[in-house]
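Novice: What follows is the residue order along each chain.
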Amino acid sequence: MILIIGGAASGKRTYLESLGYGPQDMADGVLDEKKVLYGLEKLVAADPERAEALLPALLKKEAVACSEVGSGVIPVRYEQRRAREATGRLCVQLAARAEKVVRLLAGIPTVIKG
Amino acid sequence: MLILLTGGSACGKSSYGEKLAVQGPKPLYYIAAMQPYDDECLKKIARHRELRRDKGFETIERYTSVDTLQLPQKGGTALLECLCNLTANEMYIQPEKPMDPVERVVAGVENLRQQTDTLIVITNDVGSDNEAYSEETRAYIRYLGEINAQVAAMADRVYELVAGIPLCLKGETV
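So the protein lines, in turn, are chains B and L.
Sequential numbering from 0 applies to the first sequence in numbering that gives the first Met the number 0.
Sequential numbering from 0 applies to the second sequence in numbering that gives the first Met the number 0.
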């Protein structure tokens, strides 16, 4: 599994396309049979309490893309704080198990693992 | 040796900071700046305590004025967590306010550096969402941004943690 991480609109989708994945291969924030899960942060935000339980299914994907959501002021609302923490922790776990981790910044992919 | 660790929330800064700290000379101090004011803080503190358990840290709770903190013993390693809380505390709960938060937090880091062989400082990047915050919150972002820049300039090594992976921004890669 390749984990792709980067801020909103940092070039994650374009990078996935460069790997040969088209729109038909990418699920958007939902778990289904597609090879790639795009928008992991949306899936986590939908139910932060169950974030860790997503791990086995995510590890079976060819690629998972997640927006960086933890770089900003700590949100006032508890649900938002809960979601960003759960997203961060899940990404740490995914990165530890991923074959490759790619970080996108200004459209530039940097391989930070693998 | 001064090491600064930055990154978003829950990106693995604490775990990496602890990993570096336990490799440093003893004694090991953990300087906790988070003031517990509700259940969520208590849970967070409990989680961090659990992570540090059996690693040999002596915990020192210090919410403000790290510039006057005297460690029990000179030398060794200290892990300061974190500048985000410390800055907010200097703004909101510091009883004496003649000193500006930036100056006081930076002086705090310098004070600890003088007393330790290895000092590891954890901070956060809070300026990367650019939302339309209140004047007060914008002041906090400015203070912490300035503190981060000053501490990074003082530091021997700076790492950004991304999904638990340390990216070296300054100094040598471990």
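Worth double-checking, as some hints may not be accurate.
Said to hold, decoys possible - Below, computed lysine to aspartate or glutamate pairings styled on DMTMM-like, alpha-carbon distance capped at 25 Å:
1. L:Lys42 x B:Glu16
2. B:Lys99 x L:Glu171
3. B:Lys112 x L:Asp155
4. L:Lys18 x B:Glu84
5. B:Lys33 x B:Glu78
6. B:Lys34 x B:Asp46
7. B:Lys112 x L:Glu171
8. L:Lys43 x B:Glu98
9. L:Lys18 x B:Asp46
10. L:Lys42 x B:Glu98
11. L:Lys25 x L:Glu135
12. L:Lys42 x B:Glu78
13. B:Lys41 x L:Glu130
14. L:Lys18 x B:Glu51
15. L:Lys43 x B:Glu48
16. B:Lys33 x B:Glu51
17. B:Lys41 x L:Glu102
18. L:Lys43 x B:Glu51
It should be emphasised that the hints constitute simulated quantities derived from the structure, not laboratory data.
Novice: Honestly, which of those hints from before does the structure not fit?
Specialist: Failing hints, ascending: 1, 5, 8, 9, 10, 11 and 17.
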